[in-house]
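A.B. asks: Chain by chain, the residues run as shown.
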Amino acid sequence: MWSYIIRRLLLTIPVIFVVSSVTFLLMHAIPGGPFSEEKALPPEIIKNLEKKYHLDDPLWKQYIDYMWGFIRFDFGPSITYKTRTVNDILAQQWPPTAILGSISFFFAILVGVVLGVISAVHANTLIDYICMTVAVIGVSMPNIVIGPLLIWIFALNLKWLPVARWGTPAHVVLPALTLSAPYIARFARFTRAAILEVLNEEYVRTARAKGLSERLTIIRHVLRNALIPVITVAGPAFAGIITGSMVVEQIFAIPGIGKYYVTSVNNRDYPVIMTFTLIFAFCIIIMNLLVDILYAILDPRIRYT
Amino acid sequence: MSRDSIRYKTWKRFSRNRAALLGLLILAILAILAIGAPWIAPYHYADGDVRYNFAPPSKEHWLGCDYMGRDILSRLIYGTRVSLTIAFVSAITSFLIGISYGIVSGYCGGAIDNLMMRFVDIAWGFPTLLLIILMMVFFKSSFARVTPGTFAGTLSAIDRALGGMFFICIGIGLTAWLMIARLARGMTLAVRERDFVEASRACGATGMYIIRKHLLPNIIGPCIVQVTLQIPTFILYEAFLSFIGLGVDPPTPSWGMMINEGYIAMRSYIHVFLAPALALSITILAFNFVGDGLRDALDPRWQR
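Taken in order, these protein sequences are the chains called A and B. Everything in the first sequence is counted per our numbering, starting at 1 for the first residue and increasing by one. Everything in the second sequence is counted per our numbering, starting at 1001 for the first residue and increasing by one.
Pulled out of the complex, with its shape left as it was, chain A reads as follows (with noise of 0.2 Å):
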C-alpha cells in the first residue's frame, strides 16, 4: 500500500506540471498580447508596457519567473485593474468561495449518503422510488436551472431568503442548495447501489443469522464497508462544486473567485485566469489525491502491487 501511496503522490508531480505548462502555454500562446485588445498604441507605448509585465523575455524564463513566483504566492499584476495585483483581487474573493464551496461540499455528502441509506434500507418500496426519482431529476437538474429556479421559489415568490449577495448566514442557504444539490443525487444513487451489493455479502448474512438486529446489522457491518467506494465519488463532487461555483456565483451575485473568474474570462485578463485556473486545478488535483490515498489506506481488500 506505501508503495501505492507513493507512486501517487509522484504522479501529482508531472501532473501538476503539464497542468502549469499547458495553462501558461494556452494564455500566452493568444496572438498580440493583452494589449492590442484595446484600441491601436504607439509600439514604443507597447514596448514599455511589455517590459514591465517582462513579455519581452524569452518563453522560457516568463514560465520559470510565473512558476517561481506562483510558489512564493507572488501572481503577479492584473492587466485590466491596472492598480490592484491578482494578489489583492484573490485575497479579497477567496473567502466567500472557500465558504460556500465547503458548506456545499459537506451537505452534499452528509444528506447524499442519509438519503442513499434510507433508500437501500427500504429498498423497492414508495420511499425508495421517491427518492431515487429526486435523485434522477436532481443529477439532471443544471446549477444554472436550479439557481434561478430556488431564487424565484424562495426568494422573489415565498420571500423567505434574500435573492442574491453575500454576508448573511441566510445568504449562504440558497447558493449553498444550488452547489449541492446535484452531488445529493449523485451520492444518494451512489451509495444505495454500494449497499444494496454488500447487503448480499455473507458476512451480512451471517451476522443476520447470530441474532444482530437489522439496525445494528446496517451500522455495524453494512455502512462500514459500503461507504468506502462512496469516497470514490467526493473527488468527482469536490471539482464539480468548485468549477460549479463560477455560475453560481454569478447567478446569486457572491463576491467570489468564481464570479471574478468569469469576469476576468470576458475581459481576457490572462494572469488572473491563468492563476485562478491553476489554484482551481490544485484545489482539485490534492482533493483527488487525497480521496485516493484514503481509499487506499481504508479499503484492506485492495492490494496495489
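Because the hints were derived from the structure by calculation, they are not lab data. Hints are supplied without guarantee of correctness; some may be wrong.
What the hints assert, rightly or not - Stretch by stretch, here's where chain B covers chain A in the computed footprint (C-beta under 8 Å, at least three residues):
no.: 1; region: 244-250
no.: 2; region: 263-273
no.: 3; region: 281-289
Unchecked claim - Where chain B lies over chain A, by a calculated footprint (3+ residues, C-beta under 8 Å):
no.: 4; region: 21-28
no.: 5; region: 221-234
Each residue gets a CB set at the ideal place from its N, CA and C atoms; glycine is no exception.
The hints should help you fit chain B onto chain A, whose structure is shown.
C.D. replies: Frame of chain A; chain B shown alone:
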C-alpha cells in the same frame, strides 16, 4: 435477430425498462425537431419584433417572446440543434479517439502501453471543465482575427458557419476520450488473453484482423454505454460555456444562453427562463434514462 442472440436479449431487457423507453422517445422527438427545425419552427430564431419584447405566451407565440421580441418556441426548437450536435459530435469524437487509443495501448502492451497510459494518467489529473474553458478563451481570442485561406482561417470559417459550435466540440472531444481509453484498454487486456484470440493467432491471423474481428466486438458494448452516460455532461458543458459567454455566438440559440437571458429577466418575466430551463433538464433526463437503461441491459448485475 434471433431470439437467443445477445443483442435480442439486451434489447428485451432495455425495453422492459419504461424510463429508458421514455427517454428514447424524448430523444427521438428532439432529433425530429432538430432536423426539421426550419419547417417546424413557426418563426426564424433571429427574427425579433420590438412590439413583442417579453410578450407572455399567446396564440401567435405559444411560449412568449424574449427580450428582443424573438419567438421563444422557435428558438427552443433551433436550440435542440446545438445541444444534440454537441452531444453526438463530442460523443463520436471521444469514442473514436478513446477506443483506438485504448486498443492500441492494450494490444501492444509493454513499454508502449506503459507510456500511453502514463500520458492518460497525467491528462486525467487536469480538471476537464477548466481545460475546456482555457481552450475556449484561446480559440475565441486567437481565431478572432485570422487571415482567410490559411488553416486557421478555414477553422475559423467552419466555426462561424456552425455558430460557434465547432470549437466547443473540439474542446470537449479533446478532453472526454480519456475515460473511454482506460475502459477500452482494460477490456483489451482481458480479451487479448482469451483462448479464441490465441486460436485465431495460431491460425495466422494478423493484428488488424484480430482487433477487428475479436477485440472490437467484445469491447464496443461497454464503451458505448460509457459514452452514453457521458453525453449529459457534454450537454451541460455547452450550456455552462454559453451561460458564461464562452459558448455559441449570438444569435445562434443555445439553451444555456437562453437560460442566462431568462434568469436576468426572471423577476418580471419568468416564462423567458422556464422554457429553456425545462428543455435542458428534460433532455438531460432523457439521456440519463437511456444511459442507465443501456447499462442495466448490458450488465444485469447492476439491475435494481
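A.B. asks: Could you run down the list of hints and mark each one as holding or not?
C.D. replies: Here is how each hint holds up against the structure:
| no. | hint | in the structure |
| --- | --- | --- |
| 1 | 244-250 | holds (count 3) |
| 2 | 263-273 | holds (count 4) |
| 3 | 281-289 | holds (count 4) |
| 4 | 21-28 | holds (count 4) |
| 5 | 221-234 | violated (count 0) |
Violated hint for the displayed structure: number 5, the only one.
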